[in-house]
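Residue numbers (our numbering), protein chains in the order written: chain A, 1 to 199; chain B, 1001 to 1199.
Check the hints yourself; a few may be wrong.
A few chain B residues that face chain A, going by a derived Cβ cut-off under 7 Å, partial list only [what the hints assert, rightly or not]:
#, residue
1, LEU1115
2, ARG1116
3, ALA1155
4, GLN1197
Hints are computed from structural coordinates only; laboratory data are not their basis. Each residue gets a CB set at the ideal place from its N, CA and C atoms; glycine is no exception.
Number of protein chains: 2
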Amino acid sequence: MTAQAAPRRGRPGYDRAEVLRIAVELFNQQGYDATSVADLAQRLGLSKSALYHHFDSKEQLLSLALDDALNGLESALETALAEGGGVADTLTRLIRGAILVLTEQQPQVTLLLRLRGNSPVETAALERRRSFDQKVMALVRQAQSEGVLRGDIDAGIATRLVFGMVNSIAEWYRPAGSVAAEELSGDVIAIALEGLQPR
Amino acid sequence: MTAQAAPRRGRPGYDRAEVLRIAVELFNQQGYDATSVADLAQRLGLSKSALYHHFDSKEQLLSLALDDALNGLESALETALAEGGGVADTLTRLIRGAILVLTEQQPQVTLLLRLRGNSPVETAALERRRSFDQKVMALVRQAQSEGVLRGDIDAGIATRLVFGMVNSIAEWYRPAGSVAAEELSGDVIAIALEGLQPR
DNA sequence: GTCTATAGAATGATAGAC
DNA sequence: GTCTATCATTCTATAGAC
């Protein structure tokens, strides 16, 4: 049983959400800067002016997508923290949650991970992301001081490396593919905690 | 004792290598597509036309940088293979070599890792990179079949995750920073093989 | 008539190339 | 500096479903 789309009034055609979805898809294929509004219009089979009925600017599309990604990651962190338990469990839940967000909202997260900070919208998103990273690093540092993670690797480096592994999933994961998000989470956690060497 | 620059004849100014170096630096800061030739000219304090004395097109700069990165990675693989020993040692050397290339030629490698395939130059580089990845995957697969790497994680996924971790270094490593490439290599190999859990 | 989606033509600014 | 092409954006008007 799938959700029934609310009947829409007026002339049929694309709605805001659909335009956004396809725009983000195209931004990821070609890069945000390399994608012109004309490209997007052609992809949708619309004129450029028709597009501007749905949004105010090209940058607004980017902004909406980035908010989506950041909201997902931030709530994954909040959920992981809220469920209590030891810091090791919290970190495991966080990795699982982040990978779930990354696979379910892959296009939006991919955009976020590729930002360069070329505009106020981009720098604001990067700042939110930096804040997220800081909180994760604090968790790793705490886990080290409690002895549940090895302490011979700098907490900042360990965090960057493990989340580099997590984030790299955005570069190749495809929802239609054969790899399930669950399996992927298990693999990442296995490598991050136990490593690839047989025990 | 540093290498002495050969005395240059003719009117002083930027040479080809210097222009390329600064261009790649700027491409990474702003993104290739978001960087205009005017931006680069301003950064160099030159006119646009003076820039075109040094190169044929903006894309040629990209092409030269990508060749640099790919040559580095490919020779790291060849070296790792040539030195013999078990496949586990080969993989360890490869990771070390890749991180060395990544830190020493960080700007060029970063450009490579961000490609979208928007032009023939880009797709050609992506194809070379794909070929490199395939060879690495074959090594991981062999290591699994020999039992020196755990076999319960798909070889393709394991390769992507570990090299995702390696490649993510490009996003934050700064040569001037406090983290040495040697230390970083050791940390990556420690996590990839042993994991973060205390033994 | 109302509501939403769509076009066409033209704006000024900036792109890469020479 | 100059070229032409393309960029994001805007104005005004219309098409189609209730």
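Checked hints:
no.	hint	in the structure
1	LEU1115	9 Å, violated
2	ARG1116	5 Å, holds
3	ALA1155	10 Å, violated
4	GLN1197	4 Å, holds
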